[in-house]
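There are 2 protein chains.
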Amino acid sequence: MVKSNNTTRNKLIETTGKLLQLHGYSGTGLNEIIKQSGAPKGSLYYHFPEGKEQLAYEAIERTKENVTNFIKDSLARYDDPIEAIQNFIYDSAKRFEADSYFNGVPIANIVLEISKTNDRLRELCRKVFESWHEAFADKLKSGGYSDEESWDLAMTINAMIQGAFVICLTRQDSKPLLVMAEQIPVMLIKGK
Amino acid sequence: MVKSNNTTRNKLIETTGKLLQLHGYSGTGLNEIIKQSGAPKGSLYYHFPEGKEQLAYEAIERTKENVTNFIKDSLARYDDPIEAIQNFIYDSAKRFEADSYFNGVPIANIVLEISKTNDRLRELCRKVFESWHEAFADKLKSGGYSDEESWDLAMTINAMIQGAFVICLTRQDSKPLLVMAEQIPVMLIKGK
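Going down the list, the sequences are from chains A and B.
Here my numbering is used: the first residue of the first sequence is 10, the next is one more, and so on.
Here my numbering is used: the first residue of the second sequence is 10, the next is one more, and so on.
There could be a bad hint or two in this list.
Heads up, the list lumps identical chains together, so a pair's fine if it works in one copy or across two of them.
[As the list claims (entries may be wrong)] Below, in silico cross-link-like pairs of lysine-lysine (BS3-like), each with a Cα-Cα straight-line distance of 25 angstroms or less: (1) K150 to K20; (2) K184 to K44; (3) K184 to K136; (4) K150 to K136; (5) K150 to K50; (6) K44 to K125; (7) K81 to K103; (8) K125 to K27; (9) K184 to K150; (10) K125 to K150; (11) K27 to K150; (12) K61 to K81; (13) K184 to K61; (14) K44 to K150; (15) K103 to K125; (16) K136 to K50; (17) K103 to K44; (18) K184 to K125; (19) K81 to K125; (20) K81 to K50; (21) K61 to K136; (22) K125 to K50; (23) K44 to K81; (24) K103 to K61; (25) K44 to K61.
These aren't lab readings, by the way, just hints derived from the structure by calculation.
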């Protein structure tokens with residue numbers, strides 16, 4: 010029973026994540042989540058009594074964990090922080106070109122949509138970015154950057170990636186991410 | 010007659026811009042545009058036979074001109090490109106804190122919403138960013154940076170600002186923009 014409950018729960022969260030990617034928060038409806046997940050209506054309210062907000066919360070929470078781990082694993086492939094971060098951005102560019110950039114809730118989209126109307130989800134998105142910043146900052150600290158430098162550079166790197174991704178979408182190519190990757194040694198060698 | 014037509018036309022574009030800011034592209038309806046602008050229904054179709062897409066197009070086009078001019082005017086206040094760009098970002102941080110950051114169509118929001126579904130508006134948003142990049146690049150060129158360096162740095166600066174703005178929204182403060190401003194001399198002195 011627990012297993013089947015967990016399966017339904019997972020399926021509902023997963024479906025919510027996919028629909029948020031396609032239609033944003035206000036464009037995602039509970040009926041569509043039920044339809045696409047194949048879960049009975051009653052099970053949605055059983056698992057998520059607070060409805061759509063709770064489902065979105067859990068889907069974002071899951072994206073936070075998944076992407077943080079993905080960043081950590083990716084950075085762990087190189088000892089040198091500069092090489093590690095530069096290669097992380099090159100890989101992001103490759104994923105953009107392969108149209109497989111993102112597998113989860115698109116945080117920037119959600120932030121731009123809900124930051125003024127939903128404090129609970131906004132606060133969660135803040136924590137998502139902080140978790141990513143921490144992953145970059147830890148790598149920088151391991152390379153000898155001070156705590157403050159590491160945090161500022163980590164935030165800068167995330168801002169560059171988020172912004173580059175928006176510019177990539179307008180151009181339908183990954184050039185902006187490649188340009189950002191080239192700036193990394195300039196920023197980090199000087200910062201060190 | 011021409012004047013009154015132009016007033017109605019302007020009012021419709023202005024109202025569309027405001028509604029795009031509040032509700033995004035799919036959340037903005039023609040009925041709401043008519044209601045908020047006070048324009049008669051017939052005049053909307055007279056001025057904008059293609060309906061919402063055409064209205065959004067013109068509102069984005071107007072944002073492109075306004076923001077490009079705003080960037081140029083702001084950068085013209087300082088001779089040195091580093092000082093000029095750094096102060097532009099400090100001013101953006103102040104505007105964010107005063108909740109007057111943006112007066113027009115929020116381009117990043119629109120891009121994230123429509124990039125996969127509306128090629129005409131996506132292409133226009135690409136031109137908006139290019140126009141902003143050109144404003145930054147011209148300032149850098151005037152300070153002795155090469156053409157290629159200027160374009161890459163201009164794109165990086167815009168990406169940093171766009172990304173920082175998203176992080177600002179999650180935190181409800183302007184710290185990310187202030188952190189980006191501090192990175193400008195690092196990036197530009199090295200790049201020169």
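Each hint tested on the structure:
no.: 1; hint: K150 to K20; in the structure: neither (38 angstroms within a copy, 53 angstroms between copies)
no.: 2; hint: K184 to K44; in the structure: neither (38 angstroms within a copy, 42 angstroms between copies)
no.: 3; hint: K184 to K136; in the structure: between (29 angstroms within a copy, 15 angstroms between copies)
no.: 4; hint: K150 to K136; in the structure: within (20 angstroms within a copy, 39 angstroms between copies)
no.: 5; hint: K150 to K50; in the structure: neither (48 angstroms within a copy, 61 angstroms between copies)
no.: 6; hint: K44 to K125; in the structure: between (29 angstroms within a copy, 23 angstroms between copies)
no.: 7; hint: K81 to K103; in the structure: within (18 angstroms within a copy, 34 angstroms between copies)
no.: 8; hint: K125 to K27; in the structure: both (23 angstroms within a copy, 15 angstroms between copies)
no.: 9; hint: K184 to K150; in the structure: between (29 angstroms within a copy, 21 angstroms between copies)
no.: 10; hint: K125 to K150; in the structure: neither (34 angstroms within a copy, 38 angstroms between copies)
no.: 11; hint: K27 to K150; in the structure: neither (35 angstroms within a copy, 44 angstroms between copies)
no.: 12; hint: K61 to K81; in the structure: neither (30 angstroms within a copy, 44 angstroms between copies)
no.: 13; hint: K184 to K61; in the structure: neither (36 angstroms within a copy, 31 angstroms between copies)
no.: 14; hint: K44 to K150; in the structure: neither (47 angstroms within a copy, 56 angstroms between copies)
no.: 15; hint: K103 to K125; in the structure: between (33 angstroms within a copy, 18 angstroms between copies)
no.: 16; hint: K136 to K50; in the structure: neither (31 angstroms within a copy, 45 angstroms between copies)
no.: 17; hint: K103 to K44; in the structure: neither (33 angstroms within a copy, 46 angstroms between copies)
no.: 18; hint: K184 to K125; in the structure: between (32 angstroms within a copy, 18 angstroms between copies)
no.: 19; hint: K81 to K125; in the structure: neither (31 angstroms within a copy, 29 angstroms between copies)
no.: 20; hint: K81 to K50; in the structure: neither (37 angstroms within a copy, 55 angstroms between copies)
no.: 21; hint: K61 to K136; in the structure: within (20 angstroms within a copy, 36 angstroms between copies)
no.: 22; hint: K125 to K50; in the structure: neither (30 angstroms within a copy, 31 angstroms between copies)
no.: 23; hint: K44 to K81; in the structure: neither (35 angstroms within a copy, 51 angstroms between copies)
no.: 24; hint: K103 to K61; in the structure: neither (33 angstroms within a copy, 35 angstroms between copies)
no.: 25; hint: K44 to K61; in the structure: within (14 angstroms within a copy, 30 angstroms between copies)
In the structure shown, a violation is registered for the earlier hints numbered 1, 2, 5, 10, 11, 12, 13, 14, 16, 17, 19, 20, 22, 23, 24, in ascending order.
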